[in-house]
Amino acid sequence: MTTARQIKANRANARSSTGPRTDQGKARASRSALRHGLSVPVLSNPSLSKQVEDLALKILGGNANRVLLELARAIAEAQIDLDRIRDARREVTALTLNGKVGQLALLDRYERRARSRRKSATRAFDAARVECMLDCEGTN
Amino acid sequence: VDSSQGHDYARAQFHAIFTHRCEHLAGESSKAMLGGMTMSNQDLIVKEMTQIPAEIEELWGEPPVLPTEDLKAYEKLCLEVAKNVGPTDIIEWLWIKDICDLSWEIRRLRGLKVRLVKGDGYFNTMARNYGRLDAVAAAVESRRNAVLREIERRRESVASRLRKASDDIIDGEFTEHRAPTETIDETEGDRPALAEANHHPTRDAA
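Going down the list, the sequences are from chains A and B. Residue 1 is where the first sequence starts when you use my numbering, and the numbers rise one by one after that. Residue 1001 is where the second sequence starts when you use my numbering, and the numbers rise one by one after that.
No wet-lab data here; the hints were simulated from the structure. This structure is a prediction, so every number in the text was calculated from the model and none was measured. Do not take every clue at face value.
Pairwise CB distance ranges (calculated) [unchecked claim]:
| hint | chain 1 | residue 1 | chain 2 | residue 2 | range |
| --- | --- | --- | --- | --- | --- |
| 1 | A | Ser39 | B | Arg1155 | 26 to 36 Å |
| 2 | B | Arg1115 | A | Val67 | 28 to 38 Å |
| 3 | B | Pro1053 | A | Asn13 | 27 to 37 Å |
| 4 | A | Gln6 | B | Arg1110 | 41 to 51 Å |
Even glycine gets a Cβ: it sits at the ideal position worked out from N, Cα and C.
My request is simple: use the sequences and hints to build the entire structure.
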């Protein structure tokens, strides 16, 4: 058990601290409150933003329609989110084997939301694509 | 040829246009649904493939297989599901991955539950987590079912909307084609050779 003397010394030391001084230390400290980062929007990360754009273009498949591109981006954003959650899930699954089932359940909330967003975006994309196809058909 | 035969001809012509339009639209649909894939005759390719295409594997990322699990069994599962579902575009390929991952997880969670019930010494420490494990397994099953429903809904929805739109187009064209039916008798020799028109019972009888 921590003694009163130790507590006093800890508090004195903490008061004299000005936090990390090196860039490496500052970078590490900036991630202190980060658990899994799943609540951070995908588009705030440049690397993930690039993945979203690439996937959106694949979903679009060469179609140059701007509306479809926006909707494809929404699907891609939700999908990249799901990929992040899947990666976190894989890591947590290993912990689950050690009895930490609660952490697995916590990820469900993020997954449910991402799935819901992807579903809505996919429906909107499909509807717009059919309209686009029929417009092209009408003009032929 | 009397006027009723002219009307029958128009009906046959309508049927021919309808068939042609539906086939045409279906063709456009399948072309559009290929998305970024460079495949043609998608169904045939998917049915005959012996492994998941490299571009799709790249898109899928890391498999959710733990070091203690069988990677080959997971890959086989993915291949079989893909063959059965016959994905038509990138979105459906992503859903295939979902179904495979969720199925894999369901199997894993069921295994864990069995080991818990059997009272495996190591897993006794997890006994208090049985309820949570059960809830997680139920949630995963629910998600898998949702993905399956979404695939069904999407295919039905696209097909029904295409059919409705196609019907609308045809109805419009039918009205346009009906107008000159009064002059059908004079122009009969110049009509396009429509198989449906030639085999219409009323017309054949005449």
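Hints and how they fare:
Distance hint check: the CB atoms of A/Ser39 and B/Arg1155 are about 34 Å apart, consistent with the given range 26 to 36 Å. Separation of B/Arg1115 from A/Val67 is about 51 Å and departs from the stated range, judged on CB atoms against 28 to 38 Å. For the pair B/Pro1053 and A/Asn13, the beta carbons lie near 59 Å from each other, so the given range of 27 to 37 Å is not met. Range check, A/Gln6 to B/Arg1110: about 49 Å between beta-carbon atoms, so the 41 to 51 Å window is met.
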